[in-house]
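2 protein chains.
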Amino acid sequence: MSPIDFKDYLKENFQIDFTDLDLLKEALTQRNYLNENPKETGRDYQRLEFLGDAIMQASVTEYLFKRYPEWDEGQLTEMRITMVQTKSFAHFASLIHLNEAIRLGKGEEMNGARNRPSLLEDIWEAFIGALFLDQGQVAVTSLLNQTVFAAVDDNFFDQFIDFKSRLQEKLQAKGTVDISYQIEDEVRNEDNSQVFTVSVSLDGEVLAHGQGSSIKDAEKAAAQKALNDLK
Amino acid sequence: MSPIDFKDYLKENFQIDFTDLDLLKEALTQRNYLNENPKETGRDYQRLEFLGDAIMQASVTEYLFKRYPEWDEGQLTEMRITMVQTKSFAHFASLIHLNEAIRLGKGEEMNGARNRPSLLEDIWEAFIGALFLDQGQVAVTSLLNQTVFAAVDDNFFDQFIDFKSRLQEKLQAKGTVDISYQIEDEVRNEDNSQVFTVSVSLDGEVLAHGQGSSIKDAEKAAAQKALNDLK
Chain A
1 MSPIDFKDYL KENFQIDFTD LDLLKEALTQ RNYLNENPKE TGRDYQRLEF LGDAIMQASV
61 TEYLFKRYPE WDEGQLTEMR ITMVQTKSFA HFASLIHLNE AIRLGKGEEM NGARNRPSLL
121 EDIWEAFIGA LFLDQGQVAV TSLLNQTVFA AVDDNFFDQF IDFKSRLQEK LQAKGTVDIS
181 YQIEDEVRNE DNSQVFTVSV SLDGEVLAHG QGSSIKDAEK AAAQKALNDL K
Chain B
1 MSPIDFKDYL KENFQIDFTD LDLLKEALTQ RNYLNENPKE TGRDYQRLEF LGDAIMQASV
61 TEYLFKRYPE WDEGQLTEMR ITMVQTKSFA HFASLIHLNE AIRLGKGEEM NGARNRPSLL
121 EDIWEAFIGA LFLDQGQVAV TSLLNQTVFA AVDDNFFDQF IDFKSRLQEK LQAKGTVDIS
181 YQIEDEVRNE DNSQVFTVSV SLDGEVLAHG QGSSIKDAEK AAAQKALNDL K
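Heads up: the sequence lines are chains A and B, in that order.
Letter 121 of the first sequence, counting from 1, is numbered 121 in UniProt numbering, and no numbers are missing.
Letter 159 of the second sequence, counting from 1, is numbered 159 in UniProt numbering, and no numbers are missing.
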């Protein structure tokens, strides 16, 4: 997808009418692409990434601050770390097809960089920086409402949270405790998929049950359920 | 100075007409003050500090990005580190008399916390967070134009930059070099103040001279001059 095609895509899907195409190109351009195309006069994405990184941090911070008025700064910080991370930004970069629009050096293309999380994170931040310059904070917030912030409602970020560690920290805050997980049930469906049921216990007393298609997922679900019950 | 007096001070000196006095109070309140005054219903400054920290980072980033269009992301990052640091924020907190308005626990007051840089940094960030919520980014930028950004023009941040280390890094980038500083002159004024003149040399060849009221300051000035000549 060329930068112009991506511009059309943004207009059609997010009502973003990007004004400065050169700025959009800059956000989508990796350094080696410029080396290989000496006629290109623009820069690579790195300055815009510097800007977009700070805009993302501030946008997520404001969102969390207002959305969770009862949370203290520790809870807010924890959630921000979950949202502002490579895996998260790489996901949203692919979601809006930024990966298809990157102007990449040939060597990087051959090495599969186009879908590498670290590059996608950079490009997401650079794109947010360009959007901020071209359309202002309101447009950035509008895009985030349709992507990153919408994902909070869909519990998207739960996959990045280590609920077992969090439950342990919470329960151990008052002293040493014995937390154990036990497989309670295992069902094999006709298509050979499995459903495990696991219980989590505190000093021998069952706190909660969880289900999942693997033992690991079922344990995570049980820990998440126990954490919710504790709140 | 009470929060209401500080509100008046802001209006008179910065044309900031703070609407939500409770929000301003929250930004100025240290945790132990609440413990000692159980009738106070508000919170301490820590949530607002979480917000203001991100707003400061984004505001300084946008300022540097636009002010230095020719700088790469490395130079921008270096300057941001210099501007966004405890010593810097503590200075600006005192400059607008935030230190006088902090609602502090008695123990902290006795221990001299009112002018402790780490607390002043926190209060500066919390105040910026409150200002952002009450008056928006435009008001934050306006205050920063009169304080932090004005200080860039006054070379205020030079004091935080280690020019000798920076010169060494720059010169050594191409291999091992011999950098030496030599006192060239020393003048004692009638009031007993001294003026030192120091030269900095690269492999025996003088690069630049610097003057200062101490040898250390003169060396720093020479390194800064040499760095400027290299650009």
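These aren't lab readings, by the way, just hints derived from the structure by calculation.
A couple of the hints might just be wrong.
In the PhoX-like style, the derived pairs of lysine-lysine whose C-alpha atoms are separated by at most 25 Å in a straight line are [claimed, not checked]:
no., chain 1, residue 1, chain 2, residue 2
1, B, K106, B, K164
2, A, K164, A, K174
3, A, K7, B, K216
4, A, K106, A, K170
5, B, K7, B, K39
6, A, K66, B, K7
Q.
Tell me the numbers of any earlier hints that the structure contravenes, in ascending order.
A. Per hint list: 1, 3, 4 violated.
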